[in-house]
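Peer 1: Okay, here's what each chain looks like letter by letter:
2 protein chains.
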Amino acid sequence: MNEFDFIEALKTLSKNKDISLNLSDDAAVLNNYIISKDILIEDVHFIYRQNLDDIIFKAVTSNVSDIAAMGGTAKYIMAGFGLSQKIDKKKLIDSLKIALDFYNLDLIGGDTSYSDKFFISITIIGTKNKYLLKRSGAKAGDLICVSRPVGYAKKYLEEELSGKNENRHYRFTAETKLGEYLGNNEGVTSCTDISDGLGIDTTSIAIASNKKIFLLGENLSELSPDLPIDDVLSSGEEYALLFTVNPLYFDNLLKNAPKKFHVIGVVIEGEGAYLLSEKRYERLSKFGFTHKL
Amino acid sequence: MNEFDFIEALKTLSKNKDISLNLSDDAAVLNNYIISKDILIEDVHFIYRQNLDDIIFKAVTSNVSDIAAMGGTAKYIMAGFGLSQKIDKKKLIDSLKIALDFYNLDLIGGDTSYSDKFFISITIIGTKNKYLLKRSGAKAGDLICVSRPVGYAKKYLEEELSGKNENRHYRFTAETKLGEYLGNNEGVTSCTDISDGLGIDTTSIAIASNKKIFLLGENLSELSPDLPIDDVLSSGEEYALLFTVNPLYFDNLLKNAPKKFHVIGVVIEGEGAYLLSEKRYERLSKFGFTHKL
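From first to last, the protein sequence lines stand for chains A and B. Residues in the first sequence are numbered from 1 upward in steps of one, following full-length UniProt numbering. Residues in the second sequence are numbered from 1 upward in steps of one, following full-length UniProt numbering.
Watch out, some of these pointers could steer you wrong.
The list cannot tell twin chains apart, which means a pair is met if one copy fits it or any two copies do.
Stated by the list, open to error - DSS-like cross-link-like pairs, simulated, lysine-lysine; straight-line CA separation at most 30 angstroms: (1) LYS89 <-> LYS286; (2) LYS15 <-> LYS130; (3) LYS15 <-> LYS177; (4) LYS97 <-> LYS15; (5) LYS17 <-> LYS128; (6) LYS139 <-> LYS212; (7) LYS91 <-> LYS11; (8) LYS177 <-> LYS17; (9) LYS130 <-> LYS17; (10) LYS279 <-> LYS260.
Simulated from the structure, these hints should not be mistaken for laboratory data.
Between the sequences and the hints, there should be enough to build the whole structure, so can you do that?
Peer 2: Have a look at this one:
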């Protein structure tokens, strides 16, 4: 059973699709609350090299980003730790405090246990803003936008894996302010964060919205001029926001936004997500991180 | 840093004590919701022997029990899995379905990943009933009660560890109906579930309530006549409810309860929790399961 089939089978255990969003979005929604849960495991998601600040920051970022992707405001955290002998618990508390202060989160619960491999299991609870953003909702004619240049997470990770003492890929931040803004303003039709890669995540919006999406190669190259476009499309764990905007609202939305964002493509009738440039026309679903499971 | 100091340090990261209950209770409380998070790890909390039904049932029970201990009703579950190669994912779905059906839970989210050791990280969300039950609140003169005879979880676990193909210690059930009843009726002054052992859990009520508690040896022996009293006091993961009742409400509470429960001691002014019998007078804090962390 591959990951896809496993998730399809899990969906049969979800009765109330209004809450679970059919396990197809970044988080679950319970009345006014948005809840996300994520696991990070040593030697699967990170390499432990005494870099607790980095690891904890990334674990928290990954969950906060899920709340931002739904236009919510992250507020509470429950932290579960599987702690191996080598983890300095005092240092762990300090690292957790840094991440919680950065994102203004309040610790409200959790669990710890001994474990051979270090792992982190986080539940983040946020509150909804005016609009709940989902992957579904993109309409023909919408513009698809990204909150910042992407592709660098992959580059920095490769630098770490090649043995350089490189921690930049742990330090990407969740787009908390922009997520909150998008959840409070009219005209945003769908949203997700880039966790698996721009190619796969764009495809997920196209599928959920039942629309066709073109990403424009020239726009992407302009944003990340020093990176091959294949890397831009396949770089995961970026935590940039990817969202579609009704063009009638675009100017106003951009003008008042807490940060600049960038148009990288268009939504039309049809299905599938494609890279479109002068020289290429390719399915986007092949670009991105497919889980090992 | 031992477990106690670690949890004390974590408390400094909890700002809103109304929500976290200072990390001192069985779950956190967010408006109308009660949220509990628990991790179970292979070779720490269970031994994997193809017994997925048992393991998943126990993992879910442990979390549902936390909600019952607060007088709430468990409703939603987010399931995180660290899956090693040997886990049959189809079987895992079936096992999860059995547990969710048993407790009438709706799956609303989660996360899965590859992991060397199998582990389960569960977040359960319940709703509050009329009264929120905490460990604090016991008053002098209250009766302390247990929802069923205890001590057998330890006995069954030892049978498994001695090599018998014994799974009974996985099959204890959470007291969902009684928990809901206690949360809806007047006179219950404190409550927890027996997860670390009757001795330690009674002590936790005494400390949180700033009162002294006597457990009566003769009452305990009558309930579990075939077990040594030391085992009755130290058997963990029982998931029975342990609660104190204002004696003015006792008769009425017992008469209408969905199941019989049993008086095992009294609350008086003072501090500490003690076993009191014809032959013994001992501190209860030494009886129970202290975590390896």
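Peer 1: Hint by hint, say whether it matches the structure.
Peer 2: These are the hints, each one checked on the structure:
For the homomeric pair LYS89 and LYS286, the shortest alpha-carbon distance between copies (25 angstroms) is at most 30 angstroms, but the shortest distance inside one copy (41 angstroms) is not. Taking identical chains as interchangeable, the C-alpha atoms of LYS15 and LYS130 lie at most 30 angstroms apart whether they share a chain (26 angstroms) or sit on different chains (26 angstroms). Within a single copy, LYS15 and LYS177 get their C-alpha atoms only as close as 33 angstroms, which misses the 30 angstroms cut-off; across copies the closest is 22 angstroms, which meets it. Proximity of LYS97 to LYS15 under the C-alpha cut-off of 30 angstroms is restricted to the inter-copy arrangement: shortest distance 12 angstroms between copies versus 37 angstroms within a copy.
With identical chains, the CA atoms of LYS17 and LYS128 are at most 30 angstroms apart both within one copy (17 angstroms) and between copies (22 angstroms). Taking the closest pair of Cα atoms, LYS139 and LYS212 come within 30 angstroms of each other only inside a single copy of the chain (9 angstroms); across copies the shortest separation is 65 angstroms, beyond that limit. In this assembly of identical chains, LYS91 and LYS11 lie within 30 angstroms of each other by CA distance solely across copies; the values are 15 angstroms between and 39 angstroms within a copy. Taking the shortest alpha-carbon separations for LYS177 and LYS17, both the intra-copy value of 28 angstroms and the inter-copy value of 26 angstroms come in at or below 30 angstroms.
With identical chains, the CA atoms of LYS130 and LYS17 are at most 30 angstroms apart both within one copy (20 angstroms) and between copies (27 angstroms). Taking identical chains as interchangeable, the C-alpha atoms of LYS279 and LYS260 lie at most 30 angstroms apart only when both belong to the same chain, with a minimum of 28 angstroms there against 76 angstroms between chains.
Every hint from the earlier list agrees with this structure, and none is contradicted.
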